[in-house]
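Chains as they are written, first to last, in the numbering used here: chain B, 1 to 436; chain W, 1 to 436.
Calculated directly from the structure, the hints in this document are not laboratory data.
Some hints could be false.
Note: identical chains are not told apart, hence a pair may lie in one copy or across any two.
To be verified - Distance condition first, Cα-Cα at most 20 angstroms in a straight line; then the derived SDA-like pairs of lysine to any residue:
#, residue 1, residue 2
1, 244, 75
2, 147, 31
3, 244, 234
4, 147, 395
5, 121, 275
6, 280, 297
7, 244, 388
8, 147, 117
9, 29, 376
10, 29, 296
11, 238, 34
12, 244, 275
13, 280, 247
14, 121, 76
15, 121, 410
16, 121, 382
There are 2 protein chains.
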Amino acid sequence: MDSAAPPIGVGLLGLGVVGQGVYSTLQQKRVYYTERSGRGVAVRRIAVRDLDRPRGVSVDPGILTTDPLAVATDPDVVVVVEVMGGFEPAGACIRAALEAGKHVVTANKDVMATAGPELLKLAYERNVELLYEASVGGGIPIIAPLKRDLQANEIYAVQAIINGTTNFMLTAMARDGLTYDAALAEAQRRGYAEPNPANDVDGTDAAYKLAILATLAFHVTVRPEDVYREGITELAPKDFAYAKRLGYVVRLLATARRAADGLDVRVHPTLLPEDDPLAKVDGVLNAVAVDGDLVGRTLFEGPGAGPAPTTSAVIADLLDIAYGIAAGQPARPPRFPTTNACVQPIGSLEMQYYLRTLVRDRPGVLAEIGNALAANNISIASFLQMEADAVAGTAEIVITTHDALEADCERFLEQAMHLDAVVEPGIRLRIESHRS
Amino acid sequence: MDSAAPPIGVGLLGLGVVGQGVYSTLQQKRVYYTERSGRGVAVRRIAVRDLDRPRGVSVDPGILTTDPLAVATDPDVVVVVEVMGGFEPAGACIRAALEAGKHVVTANKDVMATAGPELLKLAYERNVELLYEASVGGGIPIIAPLKRDLQANEIYAVQAIINGTTNFMLTAMARDGLTYDAALAEAQRRGYAEPNPANDVDGTDAAYKLAILATLAFHVTVRPEDVYREGITELAPKDFAYAKRLGYVVRLLATARRAADGLDVRVHPTLLPEDDPLAKVDGVLNAVAVDGDLVGRTLFEGPGAGPAPTTSAVIADLLDIAYGIAAGQPARPPRFPTTNACVQPIGSLEMQYYLRTLVRDRPGVLAEIGNALAANNISIASFLQMEADAVAGTAEIVITTHDALEADCERFLEQAMHLDAVVEPGIRLRIESHRS
């Protein structure tokens with residue numbers, strides 16, 4: 001290795017908070033990183049949206065351009081670091097960079113979730129690397145462990161809390177009894193939620209990240225649209241209190257699991273037993289649990305977002321490529337899936353349920369509901385009357401079930417709306433009570 | 001890549017439980033691993049201690065030998081997998097294999113803790129790989145994350161529970177009120193503790209593993225003898241009860257931290273706040289927390305021992321080498337530290353303490369002890385009288401302190417033995433109350 005060799009040219013796509021973090025960290029730690037990788041890296045060109053915007057870092061204006069494609073294909077650039085985010089033009093730039101024989105490091109979950117397999121195949125064909133540790137879980141190492149460190153295993157399941165915004169909100173709702181709206185306002189006030197929080201609260205963000213993890217874990221292409229998803233918008237403060245009484249914690253859990261007839265991939269609010277390690281992951285932390293046939297269950301936890309953790313993951317990937325180049329190794333071209341996932345329809349999965357329903361407070365209600373459940377092959381594990389409203393003549397009940405078919409539960413919920421005993425159908429949550 | 005190319009020759013050193021796990025897993029998953037790595041691997045020779053011993057795996061007797069050095073240097077062997085354990089002849093075999101230009105995968109904490117830096121340098125000079133993920137934390141990815149995924153960070157601290165035997169015992173002592181002897185017997189009954197448990201219970205095993213982690217995290221050579229260590233043999237059931245009353249959990253914590261005047265590296269029973277993630281790591285699980293300047297705190301948790309998790313880590317390293325060879329990359333030669341750690345003497349560290357002491361149950365005792373503490377610059381954070389024995393005229397007290405110099409605490413403990421108030425000096429435990 002020759003640390004006196006000219007530094008490796010880097011093209012940076014994006015100079016938002018993450019881009020600024022990457023740029024300034026590369027400047028500040030230049031000597032250390034050169035020592036570590038055996039070869040320096042130097043940012044040669046940077047694509048920005050607006051040349052004149054004031055920034056927190058001082059950059060030679062001569063290397064700035066508003067043309068990301070020009071950066072992605074610049075002859076002086078050996079590694080393209082994409083931190084602009086969003087689908088396009090990021091996707092086109094990554095594609096162009098790979099076509100031009102550049103290594104690519106990206107933090108982009110949108111592009112990797114929707115086009116990852118094709119881009120990995122392109123990188124393989126061009127004999128270059130495409131690394132994307134920062135696309136899931138911020139600074140938590142999870143892509144590389146799935147790709148490399150756990151590769152001897154057949155993976156049975158990946159279960160993850162991979163959306164910090166919703167985990168912060170759920171933690172606040174449970175701890176402080178906040179409503180959904182109040183929890184969202186608090187998350188926005190702290191900068192954890194965007195002004196338009198839809199992608200976070202409806203489970204889209206988690207579904208994208210889960211598609212990336214599941215593709216890696218199961219070696220088949222899992223698309224975001226393969227992932228069943230439900231968000232957290234329907235949860236009420238009382239659900240957290242009731243869950244607690246039953247020994248559960250509510251989490252927006254992303255699950256990818258080998259099921260009997262295909263992959264079970266879904267994101268929805270889930271009741272986790274309070275002693276489950278994932279139930280203890282509070283606030284904006286992320287955590288990913290991986291079950292493998294040899295290793296058993298391993299858990300990876302840490303800050304799942306933010307400029308500094310994302311910078312940690314992006315630069316690790318960049319230094320890894322630099323180290324390979326310094327060692328005279330052109331690339332370790334990526335693996336890519338060659339078949340599409342066979343996803344098991346959620347209706348055919350068996351799960352346990354938490355059903356919170358507002359009923360008339362009169363004799364015979366339990367029998368009526370019990371009959372409807374039995375008619376749909378659902379057996380009751382516990383029945384609790386939570387609150388009665390004497391004036392309205394209603395009572396809130398919570399039923400937990402034994403394992404039942406999701407399709408049966410759906411049919412029950414439709415029928416329940418028409419039962420005389422039922423005032424408001426309420427909410428149905430899924431319970432995760434067993435390990436894969 | 002050409003998966004039809006002849007498989008890569010592997011020499012296996014050791015056919016104990018781990019060796020059998022590696023061998024049989026490579027057989028069972030041959031097709032899958034060939035697909036993953038782009039090139040098959042095949043065990044060409046195996047070194048065993050006794051040719052005639054019955055084994056749980058069926059192996060062609062023609063590839064067995066009692067000469068590990070012959071396997072390590074066999075011309076048909078490209079990668080040597082060392083799972084024999086212990087210092088020698090394992091160390092000599094690894095050295096001979098590297099000298100002969102073979103890649104090496106090892107699960108050996110003894111060799112890597114005592115000779116890792118020299119062996120990594122030798123591998124670097126010979127342009128071969130030396131991978132050792134299985135040497136710490138069983139199947140939990142921690143070596144690779146420290147080496148690669150967190151490499152952009154300056155690491156501030158590594159805190160770990162890396163001895164499953166003692167963690168099982170401490171969990172049982174806390175939960176079931178077992179004595180040390182009863183907990184050890186239970187661990188032995190379950191196969192978690194060896195007939196001679198000294199290396200586990202006195203902190204030696206954890207100190208070896210910590211030396212490996214600290215060397216990686218801080219890029220300097222940390223030897224096992226650099227690690228201050230205390231075992232768990234002095235702990236009494238009441239310490240767990242008292243700790244719980246104070247909001248703490250007792251763990252054998254391995255800590256490596258940048259301190260003011262060098263590295264702070266130590267293994268000892270530690271009182272952790274009960275809400276610390278490491279306090280929630282129960283039974284034989286292992287966990288490693290890493291604090292970095294960019295990423296913040298990440299946590300890696302899982303089964304820290306056992307044939308299957310160890311096999312997971314060993315084969316991951318092996319497939320990584322195979323993948324590189326299949327990609328036409330001869331090696332990614334390792335980094336190695338070039339300077340020795342400057343270790344800060346424990347006497348100059350500041351910590352908080354838990355002091356459990358048997359005193360005379362009479363007026364003036366607190367003043368006498370308080371004076372002795374004050375004379376040694378130690379200020380009291382809490383004072384609790386736990387139990388009084390009216391017949392003996394004694395009382396058990398527990399004092400927790402604010403940050404104090406370890407040397408001052410040592411001096412106090414010496415003086416306390418001679419105080420009239422003190423019947424038995426009891427035990428001193430360290431409290432981990434702050435994050436690095």
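To see whether the hints hold, each was checked on the structure:
Proximity of residue 244 to residue 75 under the C-alpha cut-off of 20 angstroms is found in neither arrangement, the shortest distances being 59 angstroms within a copy and 63 angstroms between copies. With identical chains, the CA atoms of residue 147 and residue 31 are at most 20 angstroms apart between copies only, with a shortest distance of 18 angstroms across copies and 29 angstroms within one. In the homo-oligomer, the alpha carbons of residue 244 and residue 234 lie at most 20 angstroms apart inside one protomer (18 angstroms), although the nearest pairing across protomers, at 39 angstroms, exceeds that limit. Neither within a single protomer nor between protomers do residue 147 and residue 395 lie at most 20 angstroms apart by alpha-carbon distance, with minima of 51 angstroms and 58 angstroms respectively.
Neither within a single protomer nor between protomers do residue 121 and residue 275 lie at most 20 angstroms apart by alpha-carbon distance, with minima of 41 angstroms and 45 angstroms respectively. Both within a single protomer and between protomers do residue 280 and residue 297 lie at most 20 angstroms apart by alpha-carbon distance, with minima of 16 angstroms and 15 angstroms respectively. Taking CA atoms no more than 20 angstroms apart as the test, residue 244 paired with residue 388 passes inside one copy only; the shortest distance there is 19 angstroms, against 39 angstroms between copies. Proximity of residue 147 to residue 117 under the C-alpha cut-off of 20 angstroms is restricted to the intra-copy arrangement: shortest distance 14 angstroms within a copy versus 27 angstroms between copies.
Neither within a single protomer nor between protomers do residue 29 and residue 376 lie at most 20 angstroms apart by alpha-carbon distance, with minima of 63 angstroms and 42 angstroms respectively. Taking identical chains as interchangeable, the C-alpha atoms of residue 29 and residue 296 lie at most 20 angstroms apart only when they sit on different chains, with a minimum of 17 angstroms there against 38 angstroms within one chain. In this assembly of identical chains, the alpha carbons of residue 238 and residue 34 never lie at most 20 angstroms apart, being 55 angstroms within a copy and 53 angstroms across copies at closest. In this assembly of identical chains, the alpha carbons of residue 244 and residue 275 lie at most 20 angstroms apart whether taken from the same copy (12 angstroms) or from different copies (18 angstroms).
For a Cα distance limit of 20 angstroms, the shortest separation of residue 280 from residue 247 qualifies both inside one copy, at 13 angstroms, and across copies, at 17 angstroms. Within a single copy, residue 121 and residue 76 get their C-alpha atoms no closer than 24 angstroms, and across copies no closer than 33 angstroms, so neither meets the 20 angstroms cut-off. For the identical chains of this complex, residue 121 and residue 410 are neighbours neither inside a copy (40 angstroms) nor across copies (62 angstroms), given an alpha-carbon limit of 20 angstroms. Taking the closest pair of Cα atoms, residue 121 and residue 382 never come within 20 angstroms of each other, the shortest separation being 50 angstroms inside a single copy and 62 angstroms across copies.
This entry does not satisfy hints 1, 4, 5, 9, 11, 14, 15 and 16, going by the numbered hints stated previously.
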